[in-house]
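Following full-length UniProt numbering from start to finish, the sequence shown increments by one per residue and tops out at 191.
One should not assume that every hint holds.
In silico DSS-like cross-links for lysine-lysine, where the CA-CA straight-line distance does not exceed 30 Å [claimed, not checked]: (1) K85 - K163; (2) K107 - K85; (3) K138 - K35; (4) K35 - K163; (5) K35 - K67; (6) K35 - K147; (7) K35 - K131.
Keep in mind that the hints were calculated from the coordinates and are not lab data.
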Amino acid sequence: MIEIPSDLHPDLVPLAFLLGNWAGAGVHDFPGSEKCNFGQEVTFSHDGRDFLEYHSHTWVLDRDGNKVRPLESESGFWRIDAHRKVEITMTRDDGVIEIWYGELADKKPQIDLVTDAVARTAGARPYTGGKRLYGYVKSDLMWVGEKQTPEVELRPYMSAHLKKVVTPEEVERWAKALPDDLPDDGIAFFK
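Let the hints inform the model, and build the full structure from the sequences given.
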């Protein structure tokens, strides 16, 4: 269910499907790096201004799904204009800062992005750009990332399937919003 908060900046309504806390797992595979499964937590939040704040943390998982060590962290700000053009400023823990541009698909919650500018610190690994695709599919958030370096052509390197994390406060708020006249057996509600 996509909920649009009453205090969400009107420009951000097309991005409301991203809002909230998400968690899940995915696969990381890029030449020169360890191939692994990873866990991920993502938060998209807002404070009433015309951008979404974004935070992502990933960690390597062992064969049993336990956290082994951090993999990547990034944070940034997402904006969208009246023509459904999306722009993102992003900072990553490995010393990379990126500007991303893309577009929200017509009539579906899908965003295609490509890097426009990349800045790296002296200690950052080689990186020249990337692409990402985010999609809201059957109430889940899925994404795939591609990257390139001077030595490796653009290719997929990470993808994940994330589920919305529901807090006890959200459950309580939803419960209070239910109508008082729900049937006792629960089945009649669906008829």
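Okay, the hints, checked on the actual structure:
| no. | hint | verdict |
| --- | --- | --- |
| 1 | K85 - K163 | 25 Å, holds |
| 2 | K107 - K85 | 14 Å, holds |
| 3 | K138 - K35 | 28 Å, holds |
| 4 | K35 - K163 | 23 Å, holds |
| 5 | K35 - K67 | 15 Å, holds |
| 6 | K35 - K147 | 15 Å, holds |
| 7 | K35 - K131 | 19 Å, holds |
In summary, the structure agrees with every hint in the numbered list given earlier.
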